[in-house]
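Undergrad: Taking the hints into account, I'd like the entire structure generated from these sequences.
2 protein chains.
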Amino acid sequence: MIIGGAEDKLGRRTILKEFVSASAGEHARIAVIATASSLGPEVVEVYDALFRKLGAAEVVSVRPENRHDAHDPDLIAEIGKATGVFMTGGNQLKLSSVICGTPFADAIVEANRSGTVVAGTSAGASIQSSHMVAFGGPGSTPKQRMTQVAAGLGLLSSSVIDQHFDQRNRYGRLLMIVSQSPSLLGIGVDEDTAAVVEEVDGHELMRVVGRGAVAIFDPANIVTNAHEAKRSTPLLASGVTLHVLPEGARFDLTSRTLIPQPARVDPKEAAEIAEAGQDLRQLARDIAADDRSPSVLRRRMARKRTKSEYPHQDGAH
Amino acid sequence: MIIGGAEDKLGRRTILKEFVSASAGEHARIAVIATASSLGPEVVEVYDALFRKLGAAEVVSVRPENRHDAHDPDLIAEIGKATGVFMTGGNQLKLSSVICGTPFADAIVEANRSGTVVAGTSAGASIQSSHMVAFGGPGSTPKQRMTQVAAGLGLLSSSVIDQHFDQRNRYGRLLMIVSQSPSLLGIGVDEDTAAVVEEVDGHELMRVVGRGAVAIFDPANIVTNAHEAKRSTPLLASGVTLHVLPEGARFDLTSRTLIPQPARVDPKEAAEIAEAGQDLRQLARDIAADDRSPSVLRRRMARKRTKSEYPHQDGAH
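As they're listed, the protein sequences go chains L and S. Heads up: the first sequence begins at 977 in our numbering, then just goes up one per residue. Heads up: the second sequence begins at 977 in our numbering, then just goes up one per residue.
You may find that some hints are simply not true.
[Stated by the list, open to error] On the chain L side, residues computed to face chain S include the following (Cβ under 7 Å):
(1) P1118
(2) P1210
(3) V1220
(4) A1225
No lab work stands behind these hints: they were computed from the structure. All values derive from a computational prediction rather than experimental measurement. Just so you know, even glycine gets a beta-carbon here, dropped at the ideal spot from N, CA and C.
TA: Below is the structure:
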């Protein structure tokens, strides 16, 4: 679960509820990794209270603070015992420089492969992709050098995730990255919004939950000048396919295609069609009765004719 | 010329220079339309001073303030006499509600068709498309009802122009409009940047000038839920083709394709290849001389071998 930051904690809590439920609900044992945060135990206390209120049985803090900690067998064992792993917000470069390339990171990847839910918000979202936005400035126009890429956990292959996407105006920096790296899929997640990814038959399938949207930049057909743009000039990024996906939308990250949704039915239209269907069934019955008594139909049609001959009798004209 | 606002007036003035030059330079007679502005004569005075400084012969203020003025034959005649028309910034809905559908607007369209340059910045840019962003909020994620569309001048067909695009974070509202109207091409112009459009063989060809970029949203293949999204929820906008075009880029607005550019040549690489070419010519001369005196070549090759056997003799290791 890739959460774009600022997930609702007081109201409907759609995203956190879904996380606890996917982590085995009342049997959940959730490991909270707060390494990215500059705050002390208080950040864990918030999630501890939240997850317990949402029904989780146990919440444990698992917080390596340096690469030595990230080799500690006790901390690593906690990941193995968890039914859900939650990485908090903060500084993703702190998180990645402490855990990436250590047995602790391997344990998270392994747990996720064997079915444990791994969620992260803000910094904890960024680190999930193979390539990670380390830091960078805001703006919608992609400019050379506006952001830095580092190596992430790689729970999601060939991709780069950005968060607080709408709220902090991060179109430009994600476009810069996919212009320089057209093998990556750019994924921008708004606040209080999550991209929930599951692997099905070798495809990474994504579903959107929450108040905002998930933006996908597919640079497969890009034409760019990223290799020759000087200083911080705007980049040429022509032919990027963009998908903006609100709640309920489903997307195949592997084939890079939208998964079609059944069309929503308008209840008024449905009621009208149901009435028309009744009329047709009455007609069928009358025909089956060999034209002997089509009385009901005749009365109904007469009523309709009257209405259409005096369409303005309600005084609206 | 569609200028994204805040064009440079003190430094290089690339865009304003190009406008004056395209308006016949020292023979230019420029009509400034400041109807959109809430300021008095001072806005015209600024452009008057600027255009004269850049070499224009004459600058006249042509400022209808209501639809009655926009029928005034004297004002309309000024458009016919101008070699360039410049529409200032301000409120595009004021400008469009005063001039659109009047003989004054017809005169601008007619002048442009017969070759007069028409430029506009900010509000004066927005009004140039067939469909005009009237007003709306910022944000990168497209949301239902976040902006309003009104009818523009239609100098550019089947399109909608937005300005201050990067600086005011207007991706979302332009995406909302093309989601609701997939027949339109969305064109977002950054500040101090211009889209210069010329019609050639029935195609509208665009060239980018200035410090920022022009973003193009092509919704030809869009999948959207714009017809059923409620309230101000984020919109589904899947499969939009995005082009970000910096200075020098050229784009065919009619076929919606990038016009390929010759690749930029790296001067260092060019110097190396030129030297290699000299060597090859020497070799050819030696062969032509029937192997009698390939002395220069032999000496040169010996020199190169020495260098590559001692690559670190400059002490850099």
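Undergrad: Now tell me, hint by hint, if it's right for this structure.
TA: The hints, checked one at a time:
1. P1118: 6 Å, holds
2. P1210: 4 Å, holds
3. V1220: This interface hint holds because 4 Å falls under the 7 Å limit.
4. A1225: 6 Å, holds
Taken one by one, the earlier hints all hold for this structure without exception.
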